[in-house]
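With the sequences and hints as input, model every part of the structure.
What the sequence shown shows, in our numbering, is residues 1 to 236, in sequence order.
Treat the hints as calculated values from the structure; they're not laboratory data.
Even for Gly, the Cβ is constructed at its ideal location relative to N, Cα and C.
You may find that some hints are simply not true.
Heads up, simulated DSS-like pairs for lysine-lysine below, C-alpha to C-alpha not over 27 Å straight-line [stated by the list, open to error]:
no., residue 1, residue 2
1, Lys218, Lys3
2, Lys56, Lys82
3, Lys18, Lys3
4, Lys56, Lys18
5, Lys82, Lys69
6, Lys56, Lys3
7, Lys14, Lys56
8, Lys69, Lys56
9, Lys218, Lys170
10, Lys82, Lys170
Beta-carbon label-pair distances, calculated as ranges [unchecked claim]:
no., residue 1, residue 2, range
11, Thr64, Glu181, 32 to 40 Å
12, Ser222, Asn79, 37 to 45 Å
13, Arg22, Ser111, 31 to 39 Å
14, Glu39, Lys219, 33 to 41 Å
15, Met1, Glu39, 36 to 44 Å
16, Glu97, Met1, 32 to 40 Å
17, Arg51, Asn153, 39 to 47 Å
18, Arg51, Asp166, 36 to 44 Å
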Amino acid sequence: MMKICASITEIESKEFHKTAIRAFDLGASFLEIRFDYIEANRLSEAIEIVRPFRAKCIYTLRRTSQGGKFFGSEIERLNHLKDLVSQAPMMIDVEFETLQENPEIVSFINSLNVPMLVSWHDFRSTPSAEELSEWLVLMSSYSKNNKLVTMANSLDDTLRVLNLYDTVDKSLNLVAFSMGEIGLVSRLLCALQSNCPFTYAALDQPVAPGQFTIEQMKKLHSIVEKHNPLHRGVTR
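Given below as structure tokens:
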């Protein structure tokens, strides 16, 4: 069964509870809380607002080089990242580069037994199949939960990313898809893979290029399921 993680960027005390409940009612299984969209001086308040839902949340404080919106210093971001980890969310999303550059962050996260989603994005292009595989080998040394997202400039780019599901270790939990209009379908197709734990969708406004809303994702998935011969008792 497809699981959807809804990306949330606005955290207002009076509205967040309603927003979270609406996301779950629409079909989201989890929430990704994009704390990097919140002003640094409001992060403590935002953490408290989200706290009741943290067991179903992936906390993200994305660095700007990986498409994030946190514009403080890297030292400030790392300190805030530790604060997020200390809240014991369902999972913490950390960029591969951040883990490489800061071994103490790896130790801190592991000491609190918070599951890591190791993420890597390329907003310009899609590397070769060999390079993608190499990225995953390095990323998986930190966690079995990995997210690899690239920009699709051709259909071949999208196919190359999706082909990772046939080549990687099946014990990995891999979220891999392409951004942009060309890569739209990969956001759905990745979720049909047995070792893809979930796919991302927006509640209303897309957070990333080519992102579907929850309702769009569910409708597309329903169509695929309806016309899949394996779900009609037809063998190949």
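Quick rundown of the hints versus the structure:
{"no.": "1", "hint": "Lys218 <-> Lys3", "in the structure": "10 Å, holds"}
{"no.": "2", "hint": "Lys56 <-> Lys82", "in the structure": "19 Å, holds"}
{"no.": "3", "hint": "Lys18 <-> Lys3", "in the structure": "21 Å, holds"}
{"no.": "4", "hint": "Lys56 <-> Lys18", "in the structure": "15 Å, holds"}
{"no.": "5", "hint": "Lys82 <-> Lys69", "in the structure": "18 Å, holds"}
{"no.": "6", "hint": "Lys56 <-> Lys3", "in the structure": "12 Å, holds"}
{"no.": "7", "hint": "Lys14 <-> Lys56", "in the structure": "20 Å, holds"}
{"no.": "8", "hint": "Lys69 <-> Lys56", "in the structure": "23 Å, holds"}
{"no.": "9", "hint": "Lys218 <-> Lys170", "in the structure": "25 Å, holds"}
{"no.": "10", "hint": "Lys82 <-> Lys170", "in the structure": "30 Å, violated"}
{"no.": "11", "hint": "Thr64 <-> Glu181: 32 to 40 Å", "in the structure": "24 Å, violated"}
{"no.": "12", "hint": "Ser222 <-> Asn79: 37 to 45 Å", "in the structure": "44 Å, holds"}
{"no.": "13", "hint": "Arg22 <-> Ser111: 31 to 39 Å", "in the structure": "35 Å, holds"}
{"no.": "14", "hint": "Glu39 <-> Lys219: 33 to 41 Å", "in the structure": "35 Å, holds"}
{"no.": "15", "hint": "Met1 <-> Glu39: 36 to 44 Å", "in the structure": "37 Å, holds"}
{"no.": "16", "hint": "Glu97 <-> Met1: 32 to 40 Å", "in the structure": "33 Å, holds"}
{"no.": "17", "hint": "Arg51 <-> Asn153: 39 to 47 Å", "in the structure": "41 Å, holds"}
{"no.": "18", "hint": "Arg51 <-> Asp166: 36 to 44 Å", "in the structure": "40 Å, holds"}
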